[in-house]
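Given the structure of chain A, go ahead and fit chain B onto it with the hints provided.
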Amino acid sequence: MELYQMTIHELSEKLAVKEVSAKEIAESVFARIDSVEDKVKSYLTLTRDIAMEQAERVDKKIANGEKVGPLAGIPTAIKDVMCTKGVRTTSGSKILDNFIPVYTATAVQNLLNEGIVMTGKTNMDEFAMGSSTENSGFFTTRNPWDLERVPGGSSGGSAAAVAAEEAIFSLGSDTGGSIRQPAALCGIVGMKPTYGLVSRYGLIAFASSLDQIGPFTKDVTDCALVLNYLVGHDSMDSTSVTIDKPDYTKSLINNLKGVKIGVPKELMTEGIDSDVKKAVENALEILSKNGAIVAETSLPHLEYGLSAYYIIAPAEASSNLARFDGVRYGYRVPDPEDLMDMYMRTRSEGFGDEVKRRIMLGTYALSAGYYEAYYGKAQKVRTLISRDFSRAFEEFDVLVSPTSPTTAFKIGERVADPLQMYLSDICTIPVNLAGLPGISVPCGIVNGLPVGLQIIGKALGEEMLLRVAYSFEQSFEWSEKPRLETRD
Amino acid sequence: MEYESVIGLEIHVELATESKMFCSCSTLFGEAPNTQTCPVCLGMPGSLPVANAKAVEYVIKSGLALGCDINLYSLFHRKNYFYPDMPKNYQISQYDQPLCIDGHIDLDMDDYQTRIGITRIHLEEDTGKLIHVGGAGRIAGAEYSLVDFNRAGVPLMEIVSEPDIRTPEEAKAYAQKLRAILLSLGVSDVSMEKGSMRVDANVSVRPKGSTELGIKTELKNLNSFRSLQRGLTYEIERQIKALKEGRLEEIVQETRHWDESRGVTSTLRTKEYAHDYRYFPDPDLVPMEFTVEYIEHLRSQLPELPDERKQRFIVEYSLPVHDASLLTSSKAMADFFEETVKLYKGDPKAVANWMLGDMSYYLNTEGLEIDETAVTPKHLAELLKLIDKGVISGKIAKEIFPEMFETGKLPQVIVEEKGMTQISDEGEIAKIVDLVLEENASAVEEYRSGKERAFGFLVGQAMRLTRGRGNPQLINKILREKLQSGISK
Chain A
1 MELYQMTIHE LSEKLAVKEV SAKEIAESVF ARIDSVEDKV KSYLTLTRDI
51 AMEQAERVDK KIANGEKVGP LAGIPTAIKD VMCTKGVRTT SGSKILDNFI
101 PVYTATAVQN LLNEGIVMTG KTNMDEFAMG SSTENSGFFT TRNPWDLERV
151 PGGSSGGSAA AVAAEEAIFS LGSDTGGSIR QPAALCGIVG MKPTYGLVSR
201 YGLIAFASSL DQIGPFTKDV TDCALVLNYL VGHDSMDSTS VTIDKPDYTK
251 SLINNLKGVK IGVPKELMTE GIDSDVKKAV ENALEILSKN GAIVAETSLP
301 HLEYGLSAYY IIAPAEASSN LARFDGVRYG YRVPDPEDLM DMYMRTRSEG
351 FGDEVKRRIM LGTYALSAGY YEAYYGKAQK VRTLISRDFS RAFEEFDVLV
401 SPTSPTTAFK IGERVADPLQ MYLSDICTIP VNLAGLPGIS VPCGIVNGLP
451 VGLQIIGKAL GEEMLLRVAY SFEQSFEWSE KPRLETRD
Chain B
1 MEYESVIGLE IHVELATESK MFCSCSTLFG EAPNTQTCPV CLGMPGSLPV
51 ANAKAVEYVI KSGLALGCDI NLYSLFHRKN YFYPDMPKNY QISQYDQPLC
101 IDGHIDLDMD DYQTRIGITR IHLEEDTGKL IHVGGAGRIA GAEYSLVDFN
151 RAGVPLMEIV SEPDIRTPEE AKAYAQKLRA ILLSLGVSDV SMEKGSMRVD
201 ANVSVRPKGS TELGIKTELK NLNSFRSLQR GLTYEIERQI KALKEGRLEE
251 IVQETRHWDE SRGVTSTLRT KEYAHDYRYF PDPDLVPMEF TVEYIEHLRS
301 QLPELPDERK QRFIVEYSLP VHDASLLTSS KAMADFFEET VKLYKGDPKA
351 VANWMLGDMS YYLNTEGLEI DETAVTPKHL AELLKLIDKG VISGKIAKEI
401 FPEMFETGKL PQVIVEEKGM TQISDEGEIA KIVDLVLEEN ASAVEEYRSG
451 KERAFGFLVG QAMRLTRGRG NPQLINKILR EKLQSGISK
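Protein chains in written order, with the working numbering: chain A, 1 to 488; chain B, 1 to 489.
Treat the hints with care, as some may be off.
Which chain B residues stay away from chain A? Per the calculated CB distances, all over 12 Å, these [claimed, not checked]:
hint	residue
1	D106
2	E124
3	L248
Here are the in silico distance ranges between beta carbons for each label pair [what the hints assert, rightly or not]:
hint	chain 1	residue 1	chain 2	residue 2	range
4	B	R166	A	I243	50 to 60 Å
5	A	E337	B	A374	48 to 58 Å
6	A	N64	B	S145	47 to 57 Å
7	A	L419	B	Q253	39 to 49 Å
8	A	K377	B	R312	54 to 64 Å
9	B	E18	A	L147	25 to 35 Å
10	B	D106	A	K377	41 to 51 Å
It should be emphasised that the hints constitute simulated quantities derived from the structure, not laboratory data.
We put the beta carbon where it would ideally sit given N, CA and C, even for glycine.
Pulled out of the complex, with its shape left as it was, chain A reads as follows (with noise of 0.2 Å):
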């Protein structure tokens, strides 16, 4: 078995005996990277360099006998929506093509201490905005298990150079689904944490009241290993949350006794996938039999969600993307007749359709006159989702259902049809909409695309929630990878 082939706890053990070095593990990832890239197309920046410095930063360590956590070492690939002080932060927009960030993301600066060894930053749609990767200012990613197809949105890139291996984690956002869709789609572990329990600072905003940074992993031990580290309360995000540290790996347990598990019945009717619904009960009956009590619920509000959230999650980004206006910093249009000018065409010039489309629907919702009929509406939505989501806690402790309505698509396919794409996230946005933790894990294979299974927890329930996953995933059997190799 290569290195890169590995998970974060089986290297951190290798290297806590110094069986390898953190410099042979990154060459391992790096010759990955090498040979599949060119097919992939993970990433948008490679950090080579940055990234042998960290290692060696590591032996040294490791070499002087100072202890290190189990993330040193560990090639890790990064979103190219989380700022990275010297390193190129695109957010996949050509607006931001030159731009270089001053600052860190708290988020990944916590990793850094870590000793992380960063291989580079990950293609995604322009702004976090979309559910296939086709939307990336730059070109599209690929999906290790099928070429021909997207890994999903919008953190496309960095699910997809986990599943084809180029790196052992890597971190993605998640507005709407962002991780936990393409973790599905490309049959690796993805999770959105509650809502302000990662620190939104450094990351590039879509929607403020729905962003999440969440880790992207081989497995659920490495999920809850990252998450370690990911959480804690920072003092430059007031909406990050203040809770003492749980230790997240006592989680792993493989016991599901009286753990009630609810089935929303509005997210495995219509417009679920037949063999994605199949995929999903056979995973509810492995939780039975670990012990789970399972039973149907209904949300009732949830078929809301997605109209409520292309009201809200736009609205933010009209607001938010304000700042991209060639002033400071970014893409400036050259000769600019005057202000207005520069503005206008900057801004046509350096965002691409979808963005605009988002942008054009926000401004629209906030505009006086319609704030009330469409963004104060959808406020009203969003607070009846959340309710209805208590009132599931109430029972369950935690939702089960399919992460994706489909496996993945092919490229180009609903390019065309916004609408069709939207509805990529029907099963994950209410999660966002509501604040709550959302992990998906691989739960089948059909016609040779894996499935998501996503766990939907209460605030701060992460702990329920990695136990449901670790839990499912030492009763399911799942061996299935890309095969990269053979593909061309």
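Then chain B, alone, in the frame of chain A:
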């Protein structure tokens, strides 16, 4: 037809916090451009605001001092519009739930009292500053423009009055009283010169007795109390003239610029299109919730406010209302008064007389504030003591004052340098009186024939001979004795 004006003021006050509203950058004034900045106040991608608790506290204290109700639940909104001096292209401000609502300021005008309502006080962040290069410093015609973000993100409190103000004098008195209150709170240096207090005025006119509002204009660039009064006076006259002469097209809802040097207002921008700021709650900031205990704690910390101080001056120092009112119109004046009284230990009214008389005269002449001169309470107290001890006369004191004001020398020093000591030696005075009696025989005759007026003339002659240094009480006494005894040598 008689017209009256309706005026409402919007006053922006920069708070005297050490750090900015949403980041920890320094608020120091006058530093090199863009040196007081960080990713947050530059609106760099990914940066997030965190509210400055001190600024919130300052606004609540201001609200309490202005009789406002404090909203226990308050939040920040985004006000969206594009402008290069605004890093995020939205300003974090407050919209429908400002920190403070429904306050007032009571004004003592010369011959009446009035109450001006305060609609709201809210907190927001300041913007940066554009510097236009070429094109005479205006954006039109400039070759290029530079932006200094040092002020971007400095906490700004906006105090919006009701349209209760009827005259430019009231507007000025309102702004001055507001300044005095905020100074006593210590929440801002409230300097119009440094731009930490900025006044915009909304003004309209209407036939007297009408309750409808006329079309208003907004006056900008009122950067001194004088400009405020003059600008309003001009604008009101302009509007009344246009109404009287039927040129209604000259009054449109617009923003007008007050040109202090030319003494006129001119159109800055008309409402070509209505602004749609698309206010919505800032999702990066959690709503603010306060307990009644917290508000009451802040209330208990309020210092003595100008109105309370005025009442105390009337009671404690037995001052007339008018004196107390003037002395407490500025914190510096009131502090100066109390410090002087403490050092002097004499009649507070004498201190008030000097401060509202000679001192105010010289301050006005020089255009200075009381704390901008070399004169300290020690100076005035010493001067008063010298008079009381009979070392100098009140007349000499009036001569000493301007020199003291100009040089900052203590009165005792000036008296010694110039030999202005009062002559209080009975023997010496007697000699002078004798000389006066000898030289003014006719006046002596007149006095003896019952003309009391001649006595004053003789006193004056004695003062003249001493070049003002003779102790007037002593001259009086000795002259009276000698005239009555009938003895003259």
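So, going through the hints one by one against the coordinates:
1. D106: holds (37 Å)
2. E124: For B:E124, whose nearest Cβ neighbour in chain A is about 15 Å away, the distance exceeds 12 Å, so it holds.
3. L248: Check passes; 28 Å lies beyond 12 Å.
4. B:R166 with A:I243: 50 to 60 Å: holds (57 Å)
5. A:E337 with B:A374: 48 to 58 Å: holds (56 Å)
6. A:N64 with B:S145: 47 to 57 Å: About 54 Å separates the Cβ atoms of A:N64 and B:S145, which means 47 to 57 Å holds.
7. A:L419 with B:Q253: 39 to 49 Å: holds (43 Å)
8. A:K377 with B:R312: 54 to 64 Å: With a Cβ separation near 55 Å, A:K377 and B:R312 satisfy 54 to 64 Å, so the hint holds.
9. B:E18 with A:L147: 25 to 35 Å: Between B:E18 and A:L147, where Cβ atoms are some 57 Å apart, the hint is violated.
10. B:D106 with A:K377: 41 to 51 Å: Given range 41 to 51 Å: holds, Cβ gap about 45 Å.
Hint violations for this structure: number 9 only, all remaining hints satisfied.
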